[in-house]
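Residue numbers (the numbering used here), protein chains in the order written: chain C, 1 to 235; chain G, 1 to 230; chain H, 1 to 57; chain P, 1 to 243.
For the record, the hints were derived by calculation from the structure and aren't laboratory data.
Each hint should be verified, as a subset may be incorrect.
The calculated lysine to aspartate or glutamate pairs, modelled on EDC-like cross-linking and capped at a C-alpha distance of 20 Å, are [said to hold, decoys possible]: (1) C:Lys170 to G:Glu214; (2) C:Lys83 to P:Glu165; (3) G:Lys143 to H:Glu48; (4) P:Lys200 to P:Glu165; (5) P:Lys24 to G:Glu219; (6) P:Lys117 to P:Glu128; (7) P:Lys24 to G:Glu107; (8) P:Lys24 to G:Glu141.
The structure displayed is predicted, hence computed values, not measured ones.
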Amino acid sequence: MAKSNSWRQFKAILRKDLVMELRTKEMVTSMGLYALLTMVVYQIALAEAGDSFDVRLVMPGLIWVAFIFMSMLGLNRSFVHEKDQGCIDALLLSPVDRPVIFFAKFAGNLLFLLVVEVLSLPVFSFLFLQGREGFGNPIWMIGVVLFGASVGISGVGTLLATMTVNTKGKDVMLAVLFVPLMYPLLRAAVGATFAAVIGGPGTVETFWLFMAWVAGFDVIMVLVAYGLYEFVIGV
Amino acid sequence: MKRNPLAEIMLGLGGLLTTAAFFMAFFWAPGTVYPDGRIDFAQKIFYFHVPVAEASFLVFIFTAYYGIKFLMTRKRIYDTKARIATEVTLFFVLLTMATGILWTRVEWGVWWLWEPRLTTYFILTLLVIAYFVLRNSVEDEEKRAVYASAFGILAFIDAPISFFITRWLNSIHPVVFAGGEGSGLETSMLITFIVAQVGMLMLGYAFYQLRLREEELTERLEALKIEIGD
Amino acid sequence: MMDLYAAVIPQAPYIIGAYGLIWVGLLGFVFMVFNRIGRLEKELRVLEESVERRVKS
Amino acid sequence: MGDTPTNDLAVQVRGLTRAFGVRKALNDVSFELPRGAFLSIFGPNGAGKTTLARVLTTLLNPSSGTATILGFDVVTEAVELRHRIGLISHNPLLYPDLTAEENLLFFAEMYALDNPKERVSELLADVELDHRRLDVVGTFSRGMLQRLSIARALLHKPDVLFLDEPYSGLDPHAMDILDGLIAQIRGDHTFVMISHDLDKGLELCSHALILAAGKVVLFESRDQIDVPTFRETYRATVGSGVA
């Protein structure tokens, strides 16, 4: 019985976050806008690079820079809702296992992040990659990286955002904690994206090697985040 | 008043050993000779740069260890211990960075290079600094302790991951003790290094104990003030 | 011997700088901590004495 | 649900201490409260009222000492206990972007109620908000929010209700409504209320407790209380600025 209750509670929290997001469209619009703004900034950054410069060389890095900062925007929002009216207390007062809250929030954040990523990636290619050679490897490989890295980002991000929502200067705080912790994941994600974009002999192997890193990071860090969550949310 | 004689002995001994290592480095251990016959004087940094770096890693273990202990018991002393361990880590990290940058300038001709070892150490530095930024931004004492412990544990697990991922992407940073042909040191160099390393670890222990004593005093003072205030 | 100087002279400032930094850093740390411990002990003594006096009176 | 037989006491607190380092938010707090009682907890800011409430509602663990509610230990039997307690705070604890019905249904799922839809409709009718059930809570007035938050607290039919300064920020009309609702459910619930308002607290209570610097200064049942002395004690604790 306890098991099915947890599943009900998980669904309820996730559904609540989805309904709230569909109604306000707060996270997705702010994240999406942020992605568009980053592209403008990238245009400025690349303005003097000239036509001979192959944008594909820096594209993997650029998209992950956009995504990591975008994700922090969403992660911050996701706990401001809970904190605003003290709803988190009502939630904690109910007989729900703390890990259920972690996984529900994690799933919601992952979903929102993936939606914005999938929406902004075509725009990015449309704006920067027209007239260039296309992707060197099948496009689904990009999807694999997006999913793999987003799992790690939302998993660790959910734990950190739960903490930083209670700190002074929460947005800056999240960045200070989040970016260095994410270094190995981002490094591997950029490597894998690069292999997927450039293509050519050997890149498929490189891609999977980097994906193994991503997967390893996901497993270790999400498990640790899950283990620490109960302590962090209880104070 | 509880003094810690061991800490003071360690401090004296550590100071003695590191000073001895300093003289051994310059007057006893031979310099590395380049193939073209020039002498690599800059290599002398090795005797301090590496011990400080290793000490920083070792002390950081205690951040995570006491972090876990704190979360299990909720006793404030463990949080204090974790915080002091991180403080000593930060101190060693900054020394490692400073000496490392100087060495890089001599040996590679640039102050900084995004080279795997340097990159990961830079990440570690950021994580340690972030630990203190986090502490400063939490008002409530217990919350601060819980968050700092959680972040200390995460950072401790993250550091080796970043280390290995960059390592896998090939490093030009010298690896002295990798084993295999041509690795390792001449005996006199090895002894000098070991003396410096042991001395540095003793200093690390002494620093930690001294800071802990300072914290204990502060806490007693606080308790006394509360008592008198009644 | 000239070889030795040729190597040492350009590199020396950095080496001296590095050792200087370590020395200043380590000594500074020890000095600061001892300084603060001394001050705290003094403060503690003052407080303890005042507590004793209160108990007596 | 594991229905362990419960004793006659609603709340039993023994030597409850909550400390971090040298600071003690709660210092050796002990008291007992029979079922059906209404306890008002008074005390200056920083006296530990909120900490006490958070320990009793299983949100914080005590450093030492024990507390049981309806015979359930707040630490070891927290999950069973959460099914039996409710909280009405000065914060509504409702999601402003959800409708009244969605809010209640969400919490009904959290408590894994059997017929969530029926229970929610029933409660919305009770607090006279059924006509606004499809409106987003963010548009509600303070009084309506408070009514809805009472409905939220009663969803799972708790036996013990915690009130955290429920009257603060309410207009007189909303106060009357809250009075009425409390009177209505008073018979078969035990109440623990934190209050700054001495008059209101004394008017409602069957027991009163004054907390200062984490310690119990006074714990008496209503018929033992001599109002003028009580006021004096209260004023002394607040005035001495024990923090």
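Going down the list of hints, with the structure as the test:
1. C:Lys170 to G:Glu214: 31 Å, violated
2. C:Lys83 to P:Glu165: 19 Å, holds
3. G:Lys143 to H:Glu48: Status violated; Cα separation ~31 Å.
4. P:Lys200 to P:Glu165: Roughly 10 Å separates the two Cα atoms, so the pair holds.
5. P:Lys24 to G:Glu219: Since the Cα atoms of Lys24 (chain P) and Glu219 (chain G) sit roughly 14 Å apart, the hinted pair holds (cutoff 20 Å).
6. P:Lys117 to P:Glu128: At roughly 16 Å apart (the allowed maximum being 20 Å), Glu128 (chain P) and Lys117 (chain P) satisfy the hint.
7. P:Lys24 to G:Glu107: Violated, at about 57 Å.
8. P:Lys24 to G:Glu141: 12 Å, holds
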